[in-house]
Amino acid sequence: MSSTNNIAHKPPVRTVRTFSLTRRIITGVVFCQLLLALGLTLVAVLFARQELSGAFDTALEGNAMSTLALVRYTEATPPTLLFDASLRPPAPDQKHKDLYEIIDADGKLVTRSSDWAEVPAVLLNTRTRYTDFEQGTVPYRAVVMRNVPILDSEEDEPGEDEGPPAKVTVIFASALVANQERLMALAAYVGGTSLFLLLIANGFAARSVRRGLNPLHELASQAGAISVHNWKFRPSPGVKLANELSPLVAAIETVLSRLQESFRQQRDFTDDAAHELKTSVAILKSTLQSLIHRPRTQVQYQEGLERALQDCARLEDLLARMLRLARIERLNENGTRTKIPTTELTSTCEAAISRIRSLADARNVRLDFESPVAVSVRADPEDLELIWMNLLENAVHYSPAGSAVKIRVSPNGGKTAEVSVVDGGPGIPATELPHIFERFRRGDPSRSRATGGFGLGLAICKALVDAYGGKIEATNLPDRGMQMRVQLPTDWN
Amino acid sequence: MRVLLIEDENRLAENVARSLRENAGYAVDIAGDGEHGLYLAETTPYDLIVLDLMLPKLDGHSLLVRFREHGHGTPVLVLTAREEKESVVKLLNAGADDYLAKPFDLGEFMARAKALVRRGTGQRAPIIAIADLQLDTVERTVRRGQKEIALAPMEYRVLEYLAHRPRAVVSKTELLEHLYDYNWEKFSNVIEVYISGLRRKIDDLHAVKLIHTVRGHGYALRPGP
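Taken in order, these protein sequences are the chains called H and E.
Numbering follows our numbering, in which position 198 of the first sequence is assigned residue number 198; successive positions increment by one, without gaps.
To convert a position in the second sequence, counted from 1, into our numbering, add 493.
If you're looking for bench data, these hints aren't it; they were derived computationally from the structure.
Among the hints, erroneous ones may be present.
Distance windows between CB atoms, simulated [claimed, not checked]:
(1) H:Gln-300 <-> E:Tyr-532: 30 to 36 Å
(2) E:Leu-585 <-> H:Asp-466: 41 to 47 Å
(3) H:Gln-300 <-> E:Thr-536: 33 to 39 Å
(4) E:Arg-715 <-> H:His-435: 56 to 62 Å
(5) H:Glu-382 <-> E:Thr-536: 32 to 38 Å
(6) E:Arg-715 <-> H:Glu-316: 37 to 43 Å
(7) E:Asp-598 <-> H:Leu-331: 48 to 54 Å
(8) H:Ser-347 <-> E:Leu-585: 55 to 61 Å
(9) H:Arg-355 <-> E:Pro-538: 47 to 53 Å
(10) H:Arg-211 <-> E:Leu-585: 51 to 57 Å
All values derive from a computational prediction rather than experimental measurement.
Even glycine gets a Cβ: it sits at the ideal position worked out from N, Cα and C.
Using the sequences and the hints given, assemble the complete structure.
As C-alpha cells, this is what we get:
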C-alpha cells in the first residue's frame, strides 16, 4: 500500500542545469585577464599617442619653418614677398598633402597650397598655436605662427634703407591619418600579443585548476563508498589539509558518526524487539506443545488453553506497546501535531491513578496524590494519561510492599507545569540513570520480567513528552526512592 | 536425571520444566537469574544445564565462560533468541554443547536434551542394553528378554540413572541428588523401596540377577556380582 502511494506521489522530475566549478573558475580567470589585457593596451595606446603627437607637433613646426624659408623678397623696391613653390619637396603622401598659407602683415595672401580652396575660419581666429580641424573628412592638425619675420637670406647685411623685416603669419597643416594608422597598428600589436599570452596562460590555469580540484574528486569517491556495511571514511592528508575542504570533511565525519550511532540504535532496537517477540512466541508455543504432548483431562485442557490465552494477551500487549512507540516516534520525526487541546493535569492524573489502583492494592503500595492548584498544559488527555500510567506502573513495581508512591502536580513558575512521581524503592544505580529511557531497558530485569514489563513504558513516556516539547528526567533522591519529573509547557506554540 | 533450567521468563521456564518432567521424567530446578543459576550449577551435580542467554544480573554467555573456567563438564544446552552466526560460534567456543533458537519446538528441545544427557554419561545409543535387559530412553519402556516390564515413574528414573552408568556403583546419595529437585524432601529409605520394587519386576523370574547391592557403597546394574 504505502510503497505504491510513494510512487504515485513522487514529485515530477525537474531538469536542473548542472554547472562546472572548473569552468566557472576559468571563466573568472579569463575575465580578469581580459580586463588586464584591455587596460594594458589602452595605457600603451594613450602613452604612444602622447609621444606621437609631441613628435608630430615638432615635425609640423619644422615643416612650417622650412616652408617659410621659401619666402623671399623681390628685387623691386619696395621689396615684396615672393614664394617659390618650385622648391617644395614632393609630398610623401599624395592623398593627404600638407596644406599651408602665408599671409603678410597687411593680411595680403603671400601663398597658399594649391589644394586648399579656403582656410577654415577656425584657424584664422585661433589664439592657440596648434589646432585640429577637418579638411573634407580627413583630420588635420595645424600650427599657426604669427608675426614671423622674413629675413633675406641673400643679403649678408641688410641695408640701411630696407627698414624692418616683413612679418608674416604662417599656417601649416598636416594630415593626422598616418599618425592614427600607427596608433591603430600599435593597439593591434599590443592587444594581439596580450590575447595570445592570455590563451597560453589560461591553458595552464585550466590545467592547474583541474589538478587543484583533484582532492575534491577524491573526497567524492570516498564519500560515495560509504554504506551501511562500510562506515570507513579516511580521507588522505591531501584532502584533510586543504583549507577549503576541511570544513566539508569535518561535516561528513560528524554526520557519519551520528548516522552510525543511529544505525546502531536501530539495530539494537530490532535485536531487542526480535528477542522480545521471539520469547513471547516461544512461551505461547511451549504452552500449547506441552498441552498436546500427552492426553489430558478436560480440566487440564481448559487450564492449558487459558494459559495460552494469557500468553496471547502478553504478546498483544508487547505489540501494542511497540506500535504505539513507533507511532509516537514517527510523529516526533514529522514534527507536526495540529489542534492540540488544553488539558487540565489533575484529572488526567486521577484517571491514571484509578486505573493503576488495583495493581497498587495487590502489591500493597499506597498512592499519595497531591495537586494544590489546577494547572493546564497543551497536550492530548489520552497521551497524558498514558504517560502517568506508565510512570505509576513503573513506580509501583519498584516500591516494596507497605511503601508509598507519591504523585505531585505543581505549577512550575508559569511557563511549564511539573508532575513528579516518587517511588518507595531503593533507587537505581547511577550508571543506569542515563539509560532508563532507552527502549527495552530494564533497571533490574528479573523484577520487571516477573511483572510482565518489556522495558518499553519509560521509552513511550519519553517519546510522548518529547512530542509535546517537554522534559522528563529521573533522579535518585538522597534518602530513598527514585523521582521522575515531567515538565510540560503550559502554553505551547 | 536432574536438569538445571536457567531462564528468567517465568512462563517459558514453567512450560519447559513441565515438559522435562512429564516427557523425560527428569527432576528440574529453575533459576531466574544468572547469579543464582551459576551458584546452583556449581554446587549441585546436574546431568544437564539449559541456559537462556538474556539473563538479569549475569548474562548467559559470561555464566557459561565462568562455569567452564571452573572446570565443570556438565552438558549445556543454550536457548537463544538471536541466530546470528557469530553469536552461535561464540557460544559453542565458550563451551556450549548445543543450542536452540527461540521460538523452538518442544519435541526438538526434548530430543536434544535427552541426547545431551546420554552423551554426558558416555551412552550414545538411545536404547541401553545390559545382558538381556533393554531400556528405551526415548519411549521410556523397559523389556527383559521378550517381555515388556511396566515400571512406576520413579522406578524407571532409578533404573535409567543406573543404566546410564552400567557396572559402576552408584551411591544412595548420588541417586537422591540426581532424581529429585530442590522442592522434594529427600529420604534415603525411599531409594531402598524403589530398588526392591525394581528387583521384584526385573530379576525375580531370572537366573541372572542384574541389580546388585554393594554393601556400604550403593547399587550397581550389571550381569555379574
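Hints, one by one, checked against the model:
At about 34 Å, the beta-carbon gap between Gln-300 of chain H and Tyr-532 of chain E stays in the expected band of 30 to 36 Å. Between Leu-585 of chain E and Asp-466 of chain H the beta carbon distance is about 43 Å. The supplied range of 41 to 47 Å therefore holds. Look at Gln-300 of chain H against Thr-536 of chain E: about 35 Å separates their beta carbons, and that is inside 33 to 39 Å. Between Arg-715 of chain E and His-435 of chain H the beta carbons are some 59 Å apart, a value that agrees with the proposed interval 56 to 62 Å.
Range check, Glu-382 of chain H to Thr-536 of chain E: Cβ separation about 52 Å, and the 32 to 38 Å hint is violated. Against the hinted window of 37 to 43 Å, the Cβ-Cβ separation of Arg-715 of chain E and Glu-316 of chain H comes to about 57 Å, which falls outside the hint. Separation of Asp-598 of chain E from Leu-331 of chain H is about 40 Å and departs from the stated range, judged on CB atoms against 48 to 54 Å. At roughly 57 Å, the beta carbons of Ser-347 of chain H and Leu-585 of chain E sit within the given window of 55 to 61 Å.
Taking 47 to 53 Å as the suggested C-beta distance range, the pair Arg-355 of chain H and Pro-538 of chain E conforms, at roughly 49 Å. For the pair Arg-211 of chain H and Leu-585 of chain E, the beta carbons lie near 55 Å from each other, so the given range of 51 to 57 Å is met.
Consistency note: the structure conflicts with the earlier hints numbered 5, 6, 7.
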